[in-house]
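Read left to right, the sequence shown gives residues 0 to 167 (numbering that gives the first Met the number 0).
Hints in this document: simulated from the structure, not taken from any laboratory. Cβ coordinates follow ideal geometry from the N, Cα and C atoms, glycine included. Among the hints, a few may not be true.
Listed next, with one range per pair, are the computed distances between beta-carbon atoms [unchecked claim]: (1) D35 x R162: 31 to 37 Å; (2) F158 x Q79: 27 to 33 Å; (3) V55 x D35: 20 to 26 Å; (4) G156 x G15: 38 to 44 Å; (5) Y111 x D160: 23 to 29 Å.
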Amino acid sequence: MPAYEPSKVEYTIISGHVRIITDQGAQLPAYWAHPDIGGKFPAVGLLHDWWGITAVERRLAHLFAQLGYYVIIPDLFGGQVAQTPAAAMKLVEALGDNAYPWVDTCLRALEYHVRSNRMVAAVGLGMGGSLAFEAALTRSDLEAAVACYGFPQKYLGHFQDARAPILA
0 MPAYEPSKVE
10 YTIISGHVRI
20 ITDQGAQLPA
30 YWAHPDIGGK
40 FPAVGLLHDW
50 WGITAVERRL
60 AHLFAQLGYY
70 VIIPDLFGGQ
80 VAQTPAAAMK
90 LVEALGDNAY
100 PWVDTCLRAL
110 EYHVRSNRMV
120 AAVGLGMGGS
130 LAFEAALTRS
140 DLEAAVACYG
150 FPQKYLGHFQ
160 DARAPILA
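Start from the sequences and build out the full structure, keeping to the hints where you can.
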């Protein structure tokens, strides 16, 4: 059995698609997952790579949910998934300056969600790792930021000002 497959099911997982309302009134699509049990959970904003939300990110969301987290993956590309690096770059370029404000909106939605205990972390893959760095540098209420294959160059010289612990 692969390491990423739990040997036994801890919880039934509820998952699906939601829309998060931004401060400007726009609707940001997202994927969410959480255990089907009562109570409040720590939350994870899972930030996708430049490919978009793939089966990998959805599986990671389910794994975090198995561990007892409420997880939201903001869909920064509106449902589009790149098949080539060139297509991925076009999606990233089309984001412009919207990426971090949308991530911030997602993290705030997690913090104040009725199922959240207000302990929120950001976990990012590739491009999402860079956004996790930005969250650690700008949010005072973030519990932690984890960057898997993020691009730290933009933030070099600023990590000492991080408001949350960073694992990269």
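Consistency of the hints with the structure:
no.: 1; hint: D35 x R162: 31 to 37 Å; verdict: holds, 33 Å
no.: 2; hint: F158 x Q79: 27 to 33 Å; verdict: holds, 32 Å
no.: 3; hint: V55 x D35: 20 to 26 Å; verdict: holds, 23 Å
no.: 4; hint: G156 x G15: 38 to 44 Å; verdict: holds, 41 Å
no.: 5; hint: Y111 x D160: 23 to 29 Å; verdict: holds, 25 Å
Hint compliance for this structure: every hint is met.
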